[in-house]
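Enquirer: Generate coordinates for the entire structure from the input sequences, incorporating the hints supplied.
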Amino acid sequence: MLNRKIATSTAAVALLLTWSAGLTPAHAAPSSPAPTAAGWLARQLVDGERLETVVDQVPYPDQGATADAVLAFAAAGVAQDNATKATDWLARPQTLAAYLGDGTTESYAGAHAKLALVAQVQGRDPRSFGGVDLISRLTALQAPSGRFSDKSAYGDYSNGITQSLAVIALERHGTAPEAAVDYLVDAACQDGGFPLYLEQTPCASDADTTGYAAQALLASGRQAEAARALEWLEGVQGPGGGFRGSGPTPQENANSTGLAAQALRVGGRTAAADKAVAFLKSLQVGCGDAARAGAIAYDATGFDQGNATRATTQGITGIVGVGLLELSAHGEATAPASDCPITTTTTTTTTTAVPATTTTAGTSTSSEPAAAAPVTSNGTRQLARTGFEPGPALALGVLLIATGVLALLLARPRRAER
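Mind the numbering: the sequence shown is residues -28 to -1, 1 to 390 in mature numbering (1 follows the signal peptide of the UniProt record, and there is no 0), read in order.
Do not take every clue at face value.
[Said to hold, decoys possible] Taking lysine to any residue and the SDA-like style, the derived pairs with C-alpha atoms no more than 25 Å apart in a straight line are:
id: 1; residue 1: K57; residue 2: G95
id: 2; residue 1: K57; residue 2: D34
id: 3; residue 1: K57; residue 2: A70
id: 4; residue 1: K123; residue 2: P33
id: 5; residue 1: K57; residue 2: T77
id: 6; residue 1: K123; residue 2: A37
id: 7; residue 1: K57; residue 2: G73
id: 8; residue 1: K57; residue 2: T242
id: 9; residue 1: K57; residue 2: E21
id: 10; residue 1: K57; residue 2: V30
id: 11; residue 1: K123; residue 2: D154
id: 12; residue 1: K123; residue 2: S100
id: 13; residue 1: K123; residue 2: D34
id: 14; residue 1: K57; residue 2: D19
id: 15; residue 1: K123; residue 2: Q66
id: 16; residue 1: K57; residue 2: K123
id: 17; residue 1: K123; residue 2: H145
id: 18; residue 1: K57; residue 2: T306
id: 19; residue 1: K57; residue 2: Y71
id: 20; residue 1: K57; residue 2: L297
id: 21; residue 1: K123; residue 2: G193
id: 22; residue 1: K123; residue 2: G95
id: 23; residue 1: K123; residue 2: L168
id: 24; residue 1: K57; residue 2: G20
id: 25; residue 1: K57; residue 2: E203
id: 26; residue 1: K57; residue 2: E298
No wet-lab data here; the hints were simulated from the structure.
Expert: So this is what it looks like as structure tokens:
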């Protein structure tokens, strides 16, 4: 009777061990979020050199998004071959003319400022970028008030981001004009944040603009004003770490959060920056979707190819947290394909419980890591990762329970054998 109990109990333990051996983490995220995101981003480049925007099923070259991709590659420290090709494409005369204007009747301040930053980050001369002196053209667009404005027959679309990028680019080149910095300081709203649309009443603070403005103020030595901007960002951060946009983008999203995270990190607000990075990682496509693994979705509704590239560019800079003033293009030449775990197979062996009594045959199970981030291949949402992998702990729990059952059976009085 005792032997039968031992055999039965040991068989149960063996069966449970066989079952638990097949338990693996249900989700697997990229172990290097920024490089993996940059790898996905590099694969979206058309001809390896540019991003495009599709409007009514017609693709158009997107110089602004391509410039953001170059900055993202520098932040991630990978894909420098692609960054070089993209920078070369941006420096082509026809590309420059379409993005910057002709420099006389048409000249756009924000485009000049962003390309000056790209040139600086890539180690190019912003005074001779594709034959264009970006610095001279940019400073020519500064009004006596200090504001940088567009010269265009189509209207002035400069804004708070334009002003901030111009200050950062000029600080990297040497020193930004004091009037330009003063104008930015005076543009702040009463709550300490900065508006997207300048010189409008009421003043409405915007997370994207405030992120750029905080970096510009830190770069120009305006610590007190930068501190107020950072405090405003901390005050509007969502419980999950995300930031909302303004106007047509009121939901928490990767772009606003990426820009805020970068500024918070540069400004030394570590706790808030960490929360923002956690939010960004929760939007990253996991390893269960090989084609999209690493991409950062725009928001919690899931992956959308139409906005994922731009979300990924600014998501990367937010995750890394290196400021625009210090960013440089030192890193690996190639783009990583993926750092997702390799699928493995776990096989249990045949276990004999008691000779000539009961045996338990083991089975083979295949462990295939699934998507880790809350964006799946079909666009549905899953719960965000908490950093705890249930597989090993659950298997250990099963083993302990089974062992306890066996011990209990052995310890009970053997009344049937008296």
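Enquirer: Need the status of pair K123, H145: alpha-carbon distance at most 25 Å?
Expert: holds (23 Å)
Enquirer: Below or equal to 25 Å on CA atoms is what counts here, so check K123 against A37.
Expert: Holds, at about 22 Å.
Enquirer: For the pair supplied as a hint, K57 and A70, is the alpha-carbon distance within the 25 Å limit?
Expert: Given pair K57, A70 holds - Cα atoms ~18 Å apart, limit 25 Å.
Enquirer: Could you grab the alpha-carbon distance between K123 and L168 and see if it respects the 25 Å cut-off?
Expert: Holds, at about 19 Å.
Enquirer: Just to be careful, I want the Cα atoms of K57 and G20 compared with a cutoff of 25 Å; is the pair within it?
Expert: holds (7 Å)
Enquirer: Hint check: K57 vs T242, CA-CA at most 25 Å. Holds or violated?
Expert: Violated: K57 and T242 sit about 34 Å apart, past 25 Å.
Enquirer: Within 25 Å, alpha carbon to alpha carbon, are K57 and V30?
Expert: holds (23 Å)
Enquirer: K57 and E298 were given as a pair; does the straight-line alpha-carbon distance stay at or below 25 Å?
Expert: Answer holds: K57 to E298 is near 22 Å, not above 25 Å.
Enquirer: Starting from K123, check that the Cα of G95 is at most 25 Å away, please.
Expert: violated (28 Å)
Enquirer: Below or equal to 25 Å on CA atoms is what counts here, so check K123 against Q66.
Expert: holds (19 Å)
Enquirer: Tell me if the straight-line CA distance from K123 to D154 falls inside 25 Å.
Expert: Measuring from Cα to Cα gives roughly 22 Å; hence the hint holds.
Enquirer: Please work out if K57 and L297 have their alpha carbons no farther apart than 25 Å.
Expert: holds (23 Å)
The structure does not agree with the numbered hints 5, 8, 16, 21, 22 and 25 stated previously, though it agrees with the rest.
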